[in-house]
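From just these sequences and the hints, can you work out the full model?
In our numbering, the protein residues as written are 820 to 1262.
Bear in mind the hints are in silico, worked out from the structure with no lab data behind them. All C-beta atoms in this analysis are idealised placements derived from N, C-alpha and C, irrespective of residue type, glycine included. One should not assume that every hint holds.
Once the Cα atoms are required to be at most 27 Å apart in a straight line, the calculated DSSO-like pairs of lysine-lysine come out as [unchecked claim]:
id: 1; residue 1: Lys1087; residue 2: Lys839
id: 2; residue 1: Lys1127; residue 2: Lys1142
id: 3; residue 1: Lys1159; residue 2: Lys1118
id: 4; residue 1: Lys1142; residue 2: Lys1118
id: 5; residue 1: Lys829; residue 2: Lys963
id: 6; residue 1: Lys1122; residue 2: Lys1142
id: 7; residue 1: Lys1127; residue 2: Lys1143
id: 8; residue 1: Lys978; residue 2: Lys934
id: 9; residue 1: Lys1143; residue 2: Lys1245
id: 10; residue 1: Lys988; residue 2: Lys963
id: 11; residue 1: Lys1142; residue 2: Lys1245
id: 12; residue 1: Lys1002; residue 2: Lys988
id: 13; residue 1: Lys1087; residue 2: Lys1245
id: 14; residue 1: Lys957; residue 2: Lys1127
id: 15; residue 1: Lys1107; residue 2: Lys1202
id: 16; residue 1: Lys1112; residue 2: Lys1087
id: 17; residue 1: Lys1121; residue 2: Lys1159
id: 18; residue 1: Lys1120; residue 2: Lys1159
id: 19; residue 1: Lys1002; residue 2: Lys1076
id: 20; residue 1: Lys839; residue 2: Lys822
id: 21; residue 1: Lys1121; residue 2: Lys1107
id: 22; residue 1: Lys1202; residue 2: Lys1159
Here are the in silico distance ranges between beta carbons for each label pair [to be verified]:
id: 23; residue 1: Met1109; residue 2: His1042; range: 23 to 29 Å
id: 24; residue 1: Pro1025; residue 2: Arg1259; range: 39 to 45 Å
id: 25; residue 1: Leu827; residue 2: Ala919; range: 16 to 22 Å
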Amino acid sequence: MEKITGNLQKESIQYMEFAKNVGKIVSIQGIIHRIREMTDFAFVILRTSRDVVQCIYSPKFSNYQLDEKVQEGCSVTVTGLVVQDQTREGRYELQIHNIAILSQPAEPLPLVINKKQIDNIALDLYLNMRSVVLRNPKERAVFKLQEGIARGFREYLLKQNFTEIRTPKIVFAGAEGGANIFKLDYFGKQVFLAQSPQFYKQMMIPIYERVFEIAPVFRAEHHDTSRHLNEYISMDLEMGFINSFYDIMEIETGALKYIFELLNHEYKNELELLNVQMPNIESIPTIKFMDAKDIIIHKFKKKITDFKDFDPEEEQLLGKWAKKEFDSDFLFVTHYPSEKRPFYAMDDQNNPAYTCSFDLLFRGIEITTGGQRIHDYHSQVAKMQARGMQVAEFESYLMLHKYGVPPHGGLGLGLERITMHLLGFKNVRYASLFPRDLHRVTP
RNA sequence: GGCCCGAUAGUUCAGUUGGUUAGAACGCCAGCCUGUCACGCUGGAGGUCGACGGUUCGAGCCCGUUUCGGGUCGCCA
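Below, the structure is given as structure tokens:
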């Protein structure tokens, strides 16, 4: 009987380890990405989890016949001699001694995935063939970078003494109410898919002081646009004992700096493949909502009808303004009108028509909404009553305030949106591994 | 959902005023090429022009219906 120890010892090595194995015989595993046949030898390009490795087939040193069985798409173990690349400084290649075929494709690929980039195919087809498309090194780099963003968020917050939590996605009441919530049958009872972890993360404040969650949220909005998904990943945080909502903005700025540094250090390959223009982020400029409206009116000569929120064009203009004025890709807008913010938002003491809240714009698009929450029980109940809400329905949530919670606040950051704007995508679907929208539930 | 636009080879597209056998690029297949790296060269295969109906001697092209898709607005992360 074999004993399982949990320590998988792979006999094959990664491309990273080639440098210290020059002159040695090693094995590497991967999928044949491309075969370029020359007169009496061939380049066999192997695709591994993060690299593309050049292997050389030649009857001079190969004990294996390069026949029709060795084809693109085969999963293989290649054994051979590690040598320096003859034409590329600092690169290594493998002189093939043997190839063991582990698996063969049944059919050729429907798309060309072994060029520098995928042909410009229709979005619909692109998403239908997602698992094929992602085999292309440039395509898969998108979600490796997305991993880096989420990982940076997590690592930074853990260092700041945040606790990572998991909240339910099947809920009995929606956080913000409204019609844009998915209904679900739950053993004969009507329940909903969570639109936000808002209530749960607040409930954790008296317990852990600082919490965060990276998880999907669901919005049943009938919006058919290039920047909406019906399921997206929300990176949420909530922190207690704050002096003001500016503390939350400090944490977010710190997290973003950490994320971009992490990408620069550990995701160089991917940044290069995707030719990413990294934002510079020392400090993020801040402007009040009404001052921002003022700039739109006076600097950009735009007529404004809605003084409660920005439309997409206004956000674009503010993005341009922040770039020109401060050379910043980011802009915090604070003090949004109370009317447009949820019932748990804390109003500004000096001017209750506005809230202690903020949005973060990245290159002219909103990626975060955050703010300070009401912590006093009586104030919270009063605001809910003023809005005509049924206070009794929120009994379990209001236990938070009733039994005492420190001043606190938090934010939510859309993972697909930040990915989208970092990479300059025109459609958020490119930043979602398997997007869910009005028309798409497969793959 | 409203408005605008589109559907032609595996993929991206071109197709003139309605007129012979519907073209190109990439991919695929065959052959050639001592080091390519979006390799190169030569040749070949590949089409129910989304579907249904109509006008016409004749429809990829004009008209109607329908299906699928794209853009945009409402809303928001």
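For each hint, the structure was consulted:
no. : hint                          : in the structure
1   : Lys1087 / Lys839              : holds, 21 Å
2   : Lys1127 / Lys1142             : holds, 24 Å
3   : Lys1159 / Lys1118             : holds, 25 Å
4   : Lys1142 / Lys1118             : holds, 14 Å
5   : Lys829 / Lys963               : holds, 23 Å
6   : Lys1122 / Lys1142             : holds, 22 Å
7   : Lys1127 / Lys1143             : holds, 25 Å
8   : Lys978 / Lys934               : violated, 41 Å
9   : Lys1143 / Lys1245             : holds, 22 Å
10  : Lys988 / Lys963               : holds, 25 Å
11  : Lys1142 / Lys1245             : holds, 20 Å
12  : Lys1002 / Lys988              : holds, 12 Å
13  : Lys1087 / Lys1245             : holds, 23 Å
14  : Lys957 / Lys1127              : violated, 41 Å
15  : Lys1107 / Lys1202             : holds, 23 Å
16  : Lys1112 / Lys1087             : violated, 39 Å
17  : Lys1121 / Lys1159             : holds, 22 Å
18  : Lys1120 / Lys1159             : holds, 24 Å
19  : Lys1002 / Lys1076             : violated, 38 Å
20  : Lys839 / Lys822               : violated, 32 Å
21  : Lys1121 / Lys1107             : holds, 18 Å
22  : Lys1202 / Lys1159             : holds, 14 Å
23  : Met1109 / His1042: 23 to 29 Å : holds, 27 Å
24  : Pro1025 / Arg1259: 39 to 45 Å : holds, 41 Å
25  : Leu827 / Ala919: 16 to 22 Å   : holds, 19 Å
Comparing the model with each numbered hint stated earlier shows that hints 8, 14, 16, 19, 20 do not hold.
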